[in-house]
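K.L.:
These protein sequence lines are chains Z and X, in that order. My numbering applies: residue 1 is where the first sequence begins, and numbers increase by one. My numbering applies: residue 1001 is where the second sequence begins, and numbers increase by one.
Sample of chain Z residues at the chain X side, in silico, Cβ under 10 Å:
id	residue
1	L51
2	R73
3	A74
4	R83
5	T84
6	L86
7	N87
8	L96
I should point out that these hints are in silico values taken from the structure, not numbers from a laboratory. Ideal Cβ positions, reconstructed from N, Cα and C, are used throughout, including at glycine.
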Amino acid sequence: MKILVYYCYGGAHTSVTCASIHLNYLPSDRIPGPEEFAPLPFYDKMDHDKLGTPVYMGRDEYGWDVYIIGLKRANAVIIPAIRTYLNACGKDQADLLLVNALVELHPLTSIGGYSSRRLGLLSLGRRMTVWGIRKSYPKFLDLVSRVKENLRMRHY
Amino acid sequence: MRVIYYSYWGTYAAYIAASIHAGLYPADRLPPEHLLSRQWEICRKYGRQFGNLLYIGLDEDMKEIYCLGCKGKYGLAVRAIENFSRIFGIDEPVHFISARHCEGMIPFYVEKLRRFTMSDRYVPKLLNRWMARRYGKCRELAQAAKQSLKGVI
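All chains, please: the whole structure from these sequences, using the hints.
P.N.:
Below is the structure:
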């Protein structure tokens, strides 16, 4: 069992974008148009009370199951907790990869995420997040390509 | 079955309740002197290791007892562990018991004060006083948990 988890603050935008690029739901050779974000599974959908719940996004070409998760700012607590628990259960963690999807974003993305998920201003908030993510899209491409390179090295 | 006692810190209320549950600490009185100094050492070594699941031992029903410090991210930690357990196909159930209400503020002061070199003389006394006051609550929690988990495999 090979599991790749992209984690971010809210599990609704940056992790979904990374997982979508990884699974080829979003293009890796150009910046997608705003309309290409609308059909993405789980984009701007994660509820606050579901944070900490990994969501399955799909399986990639190397056979890794790709998940997204929102960990707020608690990754330094939750990741060791997950790893020590799996260790206690005797599970091999060589095939568990957790990737921080919080790349440097335009502040408008965070404001948009907050407006959409916490204030309920879906239309405005979603547009702001899409604008911000498109602005930082090369950084997402770079992160995902490095992750894929890592997986390719493990694969062979 | 695995039982995880959790709280803000992993080595205070959660650790003590888990130790009472596993039979490491006596249920009818405060632990003897050597266990109190051992408790201080555990707080020094592991107190700030949030997210580090500490194995305490087995109880009489062969349940594995652990404690965990979550630094206030209780819901996140519980959901993450439960869901990863499911993803990895771990059939053995895991039961979470919150020890937050047994902790109080003193562990925060203990952790703040133990940074200073002089603290080795006074902070263990503060810890012992806290234990004397909170031990009853931890015992009640452990006994209630034991009772509710009796017969559950």
